[in-house]
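Q: Sequence:
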Amino acid sequence: MESALKLLKNEVLLNDDTLITSKTDLKGKIIYGNLDFIKYGAYSEKEFLGKPHKLVRHPFMPRAAFKLLWSTIEAKREFFAFVCNFSKNGKTYWVFTNVTPSYDENGKVIGYYSVRRRPSKAGIETIIEIYKQLLVIEKEKGLDASVQFVMEYLQQNKIGWNEFIISLQKQAEVGGYR
1 MESALKLLKN EVLLNDDTLI TSKTDLKGKI IYGNLDFIKY GAYSEKEFLG KPHKLVRHPF
61 MPRAAFKLLW STIEAKREFF AFVCNFSKNG KTYWVFTNVT PSYDENGKVI GYYSVRRRPS
121 KAGIETIIEI YKQLLVIEKE KGLDASVQFV MEYLQQNKIG WNEFIISLQK QAEVGGYR
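Start counting the sequence shown at 1; every next residue gets the next number (UniProt numbering).
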């Protein structure tokens, strides 16, 4: 975890008007990325199309976050999170993300759509501490124990995951993450 934390220092902040968007197929392979996706990820379209979205995943991210993501979107619900990404050129960038299922004309899920914007400073400061704990739990006790920790945290605080994440983002809507 030490090396992952050191990588967080090589950070690029998103502009206030940044809107990183991407689409994936049902397996999480990228089928679309906009110009901001290219800018912050530093991958060309040729390099990322057809590749797993984890291409931009930072090693600091706990696996529990993605287990929660997949269980939520596979249940046809939207998912919000703070995610630390890692660009091709070694830069770190935090995002406030919303992932939703994409449907065909018959209501069948055909993929997923993700929109990412500048996260709040308060949200990142809070989530970093939680993610540190999750990484330790995953290392010592495994993925299931890490997910259990999240679920117990939410239950103790009488809040759902999306509600918790959105509340962190709203704490500093003015000015964002600086």
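In short, the hints are calculated from the structure, not lab data.
Accuracy of the hints is not assured; some may be wrong.
Unchecked claim - Below, simulated SDA-like cross-link-like pairs (lysine to any residue); rule was C-alpha separation at most 25 angstroms, straight line:
#	residue 1	residue 2
1	K132	F149
2	K76	S44
3	K23	S44
4	K54	Y113
5	K23	K132
6	K91	I38
7	K141	L68
8	K121	E45
9	K158	F66
Q: Taking the hints in turn, state whether each one holds.
A: For each hint, the structure was consulted:
{"no.": "1", "hint": "K132 - F149", "in the structure": "holds, 12 angstroms"}
{"no.": "2", "hint": "K76 - S44", "in the structure": "violated, 30 angstroms"}
{"no.": "3", "hint": "K23 - S44", "in the structure": "holds, 15 angstroms"}
{"no.": "4", "hint": "K54 - Y113", "in the structure": "holds, 14 angstroms"}
{"no.": "5", "hint": "K23 - K132", "in the structure": "violated, 28 angstroms"}
{"no.": "6", "hint": "K91 - I38", "in the structure": "holds, 13 angstroms"}
{"no.": "7", "hint": "K141 - L68", "in the structure": "holds, 17 angstroms"}
{"no.": "8", "hint": "K121 - E45", "in the structure": "violated, 30 angstroms"}
{"no.": "9", "hint": "K158 - F66", "in the structure": "holds, 22 angstroms"}
Violated hints for the displayed structure, listed by number in ascending order: 2, 5 and 8.
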